[in-house]
Amino acid sequence: MSAVTTHMLDTAAGRPAAGVDVTLEQEVSGTWTLRGRGTTDDDGRVTELLPAEERPHAGTWRLSFDTGAWAAAQQRACFHPSITIAFVIEDPAQHYHVPVLWSPYGYSTYRGS
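For the sequence shown, the residue numbers in the working numbering are 511 to 623.
For the record, the hints were derived by calculation from the structure and aren't laboratory data.
Among the hints, erroneous ones may be present.
Simulated DEER-style distance windows between Cβ atoms [stated by the list, open to error]:
id, residue 1, residue 2, range
1, 578, 603, 31 to 37 Å
2, 614, 511, 27 to 33 Å
3, 569, 523, 34 to 40 Å
For glycine and all other residues, C-beta sits at the position ideal for the given N, C-alpha and C.
Construct all of the structure, not just a fragment, from the sequences and the given hints.
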């Protein structure tokens, strides 16, 4: 499993959000560098954003979710066409799980386990 993982739950439908494209980027000297990408599985999870043996460097990272394309494919309303969550990795030895709870007009996130 990657040191950085995520999942997205569709709280309006009460089920995982399968098929959402996700990117992982790292900020290096003020520039964002793509480090990984994936698509949420049937359980709404992306567990392989980085190779399993790779430890992320300390610093600022961000996850971006293409919620607009995903909602459009399902003919659903979507106020936020993308969700970008910046977060800080302080201890590269730890696992960082960043979930998203989505609905057509809002979302929330937190550091999971």
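Hint check results:
The given range of 31 to 37 Å is respected by residue 578 and residue 603, whose C-beta atoms sit roughly 35 Å from each other. Between residue 614 and residue 511 the Cβ separation comes to about 30 Å, which falls inside the hinted range of 27 to 33 Å. Checked against the hint of 34 to 40 Å, the pair residue 569 and residue 523 passes, with Cβ atoms roughly 35 Å apart.
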